[in-house]
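Enquirer: The chain contents come next:
There are 6 protein chains.
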Amino acid sequence: MAKKVVTMGEIMLRLSAPGFKRFSQSDSFDVVYGGGEANVAVSLANYGLDAHFVTKLPKHEIGQCAVDSLRKFGVQTDYIARGGDRVGIYFLENGASMRPSKVVYDRANSAIAEAEISDFDFDEIFKDAEWFHFTGITPALGEKAAQLTEEALKAAKRHGVTVSVDLNYRKKLWTPDQAKKVMTNLMQYVDVCIGNEEDAEKVLGFKPGHTDVTKGELELEGYKDIFKQMKEQFGFKYVVTTLRESHSASDNSWSALIYDGNEFYHSKRYDIRIVDRVGGGDSFAGGLIYGLISGRDFKQALEFAVGASALKHTIPGDFNLVSVEEVETLIKGDASGRVQR
Amino acid sequence: MAKKVVTMGEIMLRLSAPGFKRFSQSDSFDVVYGGGEANVAVSLANYGLDAHFVTKLPKHEIGQCAVDSLRKFGVQTDYIARGGDRVGIYFLENGASMRPSKVVYDRANSAIAEAEISDFDFDEIFKDAEWFHFTGITPALGEKAAQLTEEALKAAKRHGVTVSVDLNYRKKLWTPDQAKKVMTNLMQYVDVCIGNEEDAEKVLGFKPGHTDVTKGELELEGYKDIFKQMKEQFGFKYVVTTLRESHSASDNSWSALIYDGNEFYHSKRYDIRIVDRVGGGDSFAGGLIYGLISGRDFKQALEFAVGASALKHTIPGDFNLVSVEEVETLIKGDASGRVQR
Amino acid sequence: MAKKVVTMGEIMLRLSAPGFKRFSQSDSFDVVYGGGEANVAVSLANYGLDAHFVTKLPKHEIGQCAVDSLRKFGVQTDYIARGGDRVGIYFLENGASMRPSKVVYDRANSAIAEAEISDFDFDEIFKDAEWFHFTGITPALGEKAAQLTEEALKAAKRHGVTVSVDLNYRKKLWTPDQAKKVMTNLMQYVDVCIGNEEDAEKVLGFKPGHTDVTKGELELEGYKDIFKQMKEQFGFKYVVTTLRESHSASDNSWSALIYDGNEFYHSKRYDIRIVDRVGGGDSFAGGLIYGLISGRDFKQALEFAVGASALKHTIPGDFNLVSVEEVETLIKGDASGRVQR
Amino acid sequence: MAKKVVTMGEIMLRLSAPGFKRFSQSDSFDVVYGGGEANVAVSLANYGLDAHFVTKLPKHEIGQCAVDSLRKFGVQTDYIARGGDRVGIYFLENGASMRPSKVVYDRANSAIAEAEISDFDFDEIFKDAEWFHFTGITPALGEKAAQLTEEALKAAKRHGVTVSVDLNYRKKLWTPDQAKKVMTNLMQYVDVCIGNEEDAEKVLGFKPGHTDVTKGELELEGYKDIFKQMKEQFGFKYVVTTLRESHSASDNSWSALIYDGNEFYHSKRYDIRIVDRVGGGDSFAGGLIYGLISGRDFKQALEFAVGASALKHTIPGDFNLVSVEEVETLIKGDASGRVQR
Amino acid sequence: MAKKVVTMGEIMLRLSAPGFKRFSQSDSFDVVYGGGEANVAVSLANYGLDAHFVTKLPKHEIGQCAVDSLRKFGVQTDYIARGGDRVGIYFLENGASMRPSKVVYDRANSAIAEAEISDFDFDEIFKDAEWFHFTGITPALGEKAAQLTEEALKAAKRHGVTVSVDLNYRKKLWTPDQAKKVMTNLMQYVDVCIGNEEDAEKVLGFKPGHTDVTKGELELEGYKDIFKQMKEQFGFKYVVTTLRESHSASDNSWSALIYDGNEFYHSKRYDIRIVDRVGGGDSFAGGLIYGLISGRDFKQALEFAVGASALKHTIPGDFNLVSVEEVETLIKGDASGRVQR
Amino acid sequence: MAKKVVTMGEIMLRLSAPGFKRFSQSDSFDVVYGGGEANVAVSLANYGLDAHFVTKLPKHEIGQCAVDSLRKFGVQTDYIARGGDRVGIYFLENGASMRPSKVVYDRANSAIAEAEISDFDFDEIFKDAEWFHFTGITPALGEKAAQLTEEALKAAKRHGVTVSVDLNYRKKLWTPDQAKKVMTNLMQYVDVCIGNEEDAEKVLGFKPGHTDVTKGELELEGYKDIFKQMKEQFGFKYVVTTLRESHSASDNSWSALIYDGNEFYHSKRYDIRIVDRVGGGDSFAGGLIYGLISGRDFKQALEFAVGASALKHTIPGDFNLVSVEEVETLIKGDASGRVQR
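Chains as they are written, first to last, in the numbering used here: chain Y, 8 to 348; chain L, 8 to 348; chain R, 8 to 348; chain W, 8 to 348; chain G, 8 to 348; chain Z, 8 to 348.
All the given hints hold, so there is nothing to weed out.
No distinction is drawn between identical chains; accordingly, a pair holds when it is met within one copy or between any pair of copies.
Derived SDA-like pairs (lysine to any residue); straight-line CA-CA distance at most 25 angstroms: (1) K231 <-> S260; (2) K178 <-> E121; (3) K306 <-> E252; (4) K164 <-> D135; (5) K178 <-> N116; (6) K231 <-> F305; (7) K109 <-> P323; (8) K109 <-> S343; (9) K109 <-> R345; (10) K66 <-> G55.
In case anyone wonders, no lab produced these hints; they're calculated from the structure.
Okay, chain Y solo, but in the shape it has when bound (with noise of 0.2 angstroms):
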């Protein structure tokens, strides 16, 4: 019997201009669904767990094909709440070579964002549940949202579950200042808390050390320092974060580094040609809980959830289409991309 997991938070139709084509040569735009917790969710099940993605999307046909989009990849999508009025909407331009991918964000008053805790019932949602994980987005969507993430977490802490976090800290949906009041708050909940430097700052107030990321270097004792602080404060069981390195936006180096209180560990380092590298960090958060939940000890959790975001930066869309299998053949070295046949 599969182990039940659970994400929380909202799914949004991404339309993105074919190719390296900019926004204003698009007589198309591809369609995938996608968001971070969403993205979480599809990767738990790919790996054989018994995923369960909650959020409120409308009844219209838009917001059905979000729902068919979570179940084609094994998602269970009992616990989506139908009703509200829009899908929230981002645009997406591909960068290549020292030209930024672009996105628009198009999300205000989507149905999560105004879903009400009524909408849910969490002692269903938690129960017999052995992970919840979710970010820093959804409780930027504003006060309710806010809210139904507290709710949520004080039923998974009722049911026993462990919880993890993604911080993801978003300048267009809040200011640090809010963000920090609502996110120290829910960081009583949190078992394994995913977050770089920069959401440590904005999310949680913690002074950053002098990692210019836009340079592609890579500051690993500025981290350490921070998150021992992380960690004394807020009792996390792990803190991790990924670490890119951003040569342009067609080439990146990839790694991550995690704490167990004791050890730092800092995993294996990939050189990546980027096919698309959004959802890369809910790809490190899906292959890190799966780690985890499957009973690898931390480092081999870091190794496999590297491993397999790595992986989704070569895949369009923003869902993780990779097995166990795939990402094993790659952590145990053959990054050859030799043909399989």
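With chain Y fixed as given, assemble chains L, R, W, G and Z onto it according to the hints.
Expert: Just chains L, R, W, G and Z, lined up with the frame of chain Y:
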């Protein structure tokens, strides 16, 4: 020097499922931009007039795409205010045979719906203009948009501009009571009124005859009675309606009726294999305005309008991309569709 | 709680030339997955039933794609056995006007054709089920598949499940003699029998009337005689057939006939502009099952089935992606195809 | 051993707007290669003849693409001279309903229009050949092309080859006076003459009857009179015309008339939903040549030609990609368009 | 009020094989319109200038498409003469790795190549203009085009307009001797001269250094010597060149050199993953003109130009669709390609 | 007169997910046809040889498509037998970066695998032929195919034809033991043997060195030892291998080694950005055969082969569509990828 004509309203991003796919089958959406008054502006620019479109669009890239789509076809975009949050969206599924086309609107809170009167300099806009066209959709976007419309109408009248309206009742935007309250007031500025039976009833409160439009039947007599009342009450110079006989989503018949207070004239009737019927009514309005402003008599103008809009049904997208010559060839009697080479 | 329904059979990879291209002109093929019983399962899931599809599919990625295609539309795939070598394939060229659609089969040695009875736990499958549907295609796949079918039928009957069959004679899979031998035996388990004149003759040995189906003519009288014989010999509760008048590859008329042992009822007749006629019969079966299981009387059920399958002809792919509401709108009389907005 | 047939003329690059888009809406053009005589060659190769196409094409890649397009369908390309500057181009917009298809030619200065007689070894070309087909388009390309055509005709006659012509008057290439001067001279070499009323008048100077082809009317009597004159003056073995009734760009009726000097035979008439009507006349010529060369009597040959060309209207591109079997199935009476599986 | 700038030249229809397909594999061509001076005009319009493009285009639909493509991006098209026979065409195959991109020209006899001086009112065109840009391609189109260019240059000088040239030697259009004869004469009107070593030699007769451009090497010293000679002989205000290091069709390095008669300034150097390198040089010219006309000093202007043209290489099509802000973000140092959200 | 060369084997339908999509994301598959020996035949036809391909293909349309794909590029298809049930299929997912390409085979029971010796007239086939090429894939298809291969080899030798083999071990088709049994026997007919270390071990039983190909390392010394043994045991004129260093699915290095019994020659080494690596080895064999048959010495022939196959990696599909001139330009040193215009 081409005559200056002005239209004002919303231009939306239209996302349509390719071919005859349903939304849930589509992993791309065809992208065009369109909206009642924008469509009329494109028709008028195609016919060689100095057509200006007035709206408000966000400063971001999707807003710019809407501007570009108008510029491409020669519409003047200098009066477009930039700002606000979003471009209204509608999703379209093309029907076939007995399966109707389906539209899902996501247009609330668009930039034009929330525009201020101070965003526009109407005296500049209507300076030297000869015609102003609007539809019942714009005032239906909300109270601010209704006020904006009246402000524009007052300015148009100040500058001696002829005004046409397409009543275009939209039940998803307002109730008949709301429509009546706003629209009957605006009729004082109108010279040419386009509207079908449903519009006449829902927007202006005239009791419909027995036309059952879903059955593809047609009751000219009922229209005559209503048109007389409309003329009497509001003093329109012309009252006009298109007459659509919907045999199926693939086949319609199409004609129109005009009343000049004296005579009823029923146009030639076309049997149409439909490629894209969205914008059919707008292309009719565009054709009628061009017909009248170019000095044709009202019967010839009506024939031009009907021919133009019949052609629209064979062209994908909201815009009617036909020339005066193409319309004239059709209305002079060549509907044989022989290859032109 | 939605009612549990089960269908069993083959789901194939369908590769179709885009638009009206011939195979030799195509440098891509459109990809969907489908097959008689799978198509029925999708219809039933769309109507809100708890629809389960039973088949066997290889463990490889193409097998998984077939599973995904079912999950996407809400079909339960837990009873699908995984293993075997290949997914059956059919190539499709869309006809137009007097050029017929062309199908090239490449389905030999598919996983389900070579499945073992031990691949399935039929008592689990039929537990709490209310309906089981199969077609004459599955037993035609070979001796093993014929035995598998009978095993499933026995289990269904053990669990008190209502059984329907669509006779669906396929001359490329077996001869009339082979068909008769296998199928007449299976009729003992059947409650509702769907089949046209050709099926009745080739599969069950009933002498056809003079209907020349290639001429688009229709002889209801001939059917009545055959239906009476079928009812008499096999004790079916209902005998049903669709009546297709093939004017061309682009235009068909479509209706159906049902006999309850007492009364013949001929449904409303639809004139259809065809988008994709593959799966038309399956969507009829799906509609009929839903109509009967939802408690409609047999005439209403037939009208639902005919309306549903008329709509299928306007939708690309094998699956009928329509809702109960859409079917009801049509059968209540609105075939005008007016835009729904 | 397949019979050797030769056609000579221009093969152009055809660039067509996808679907029903107008040129200005297209950010890609569909690419095929075609031209009157090349289209005939492809038909004949499809029917199993040893079909050779004679032309001149530039050495560059686009020239090679044209060669490849012929080789793909089995046409022999050994007699194609390579050199010259450009491949002729035509742009095509597909019409629908009352909107006609539109062709924009850009064919001046093509390699074949500027080819020299010395580019070809006509004695080699016509060695063992049984049939030579040309159209009125080639001599219309210019004086050199007209001389080239006569040189080819002389060689053909030297080798006892049967000659057919499709008069194909093109008003954008020459005037009636120019056409008459060149073409009446070439008629001495012709055995089978295909041409409609307009061709007969513009190219050969025969006074037309009252057929108003744009109205879709048909006056067989007028044709009979002209055919008799043509036969008398030029001694053709057969005079033939297709009879197109253009109801719209989407719907045509299609039949043909042949005269053997003794008897007029009017073929079966087909109602066609048009997919692509370009090359319809060429596919008729191809069918007629095959019909006659395969030993059918002239009435059967005409029926074959009409059936073949009716099918062409359902196939995208210039080429008629049908087999002898497909044509025979149609002319034997099955126009029902039933799926062939 | 935006500054008025004018460019004059040819705009062609570009037909490119999709992705990395070879011509012979393509059954569609991607369609854009472009050409040296038109590309510069689009850049300038994007940067907010009042950019006018002067050319001649046929009255037919393909000519109109070229106009539409310019209007879409805000280029003023009022000075475009309409007439002539054809739009020049070029076919493009995208290279990859060691396979070079391939261009096949089909541009002879285009409307602008055969335009008359009387087609244009140069005093109207240059009234209030601040800048005129042309390239060595236009005079290479033929004698008439060369005369037209000189006529434009005289008028520009009459109106006190600053003139820039991009030498752009095209060996398929003329010989070095022809180029020298025409171009050295035109240099008297030029203020800013852009040209690489090959241009300097073939067009102006300056002896090149030892730069072997096919090896991706770079010899700044050789350039310095030539630039001094050019400055001395023609009195240019600035002499400028881009420096392309072609590692492969997929990877180039890109920088530029400017000389103001006093100082040599070598810009920052970018390593580029190429999406589409056509129009790279034109986007450089556009950036340089904008940089200078906006009041930046010549070094800043060069950096703007190099940054702008580096970005062009990441955008499909001939046009450089970037904003001033995007260029500035890049040249200020952020080439990390991080997602902008 | 071009030299006659013959290859024999299977040509499959290749269905690939577009771009970098995974199978489950694809609603269309790109379609090409290819297979080891067919790919070699296309290379040879492109280089101007009289290339014949021998296989068996079903009579249906998909079989014909495979024939058409060969004819298009000038391969002679007269020796192809028609019959049997199916065309072998393989599904391809393009890898990127660390994600490998994935191939799913569905090729059992293809027409060629079940062909009879009597389907072919080998004396006719090898009459006047100069070269015969086969691969280890064909005998691996089954016992009948192995016998067919030997029959062909005997006939080839009877006619004094030079024979080359590409060992091409395929573990999904047979075991090393089966391979050895069949292949060591066939080596008596072979003059030129192409095979890498894995082939040498699995097919011929030579003990491999320590090359760990998944690590992109390269051990030339190990090869030298094996090549000497191979030469000694089987008396090959040349022993050859390609040397692929797989850095990732996106980047490979590529060179080759040849041994003439006297001297080892290691070719130039290319760094490749991969567009499509399928058929890379076949294009090498094609280049080598052309190099040797055209009279180049064995080192020049090897350089031609390596250059040709490096180019193949930049071209989508199985076939290598390059000309002799393109290969020569590359091997003469221009790998700069500069636009050719």
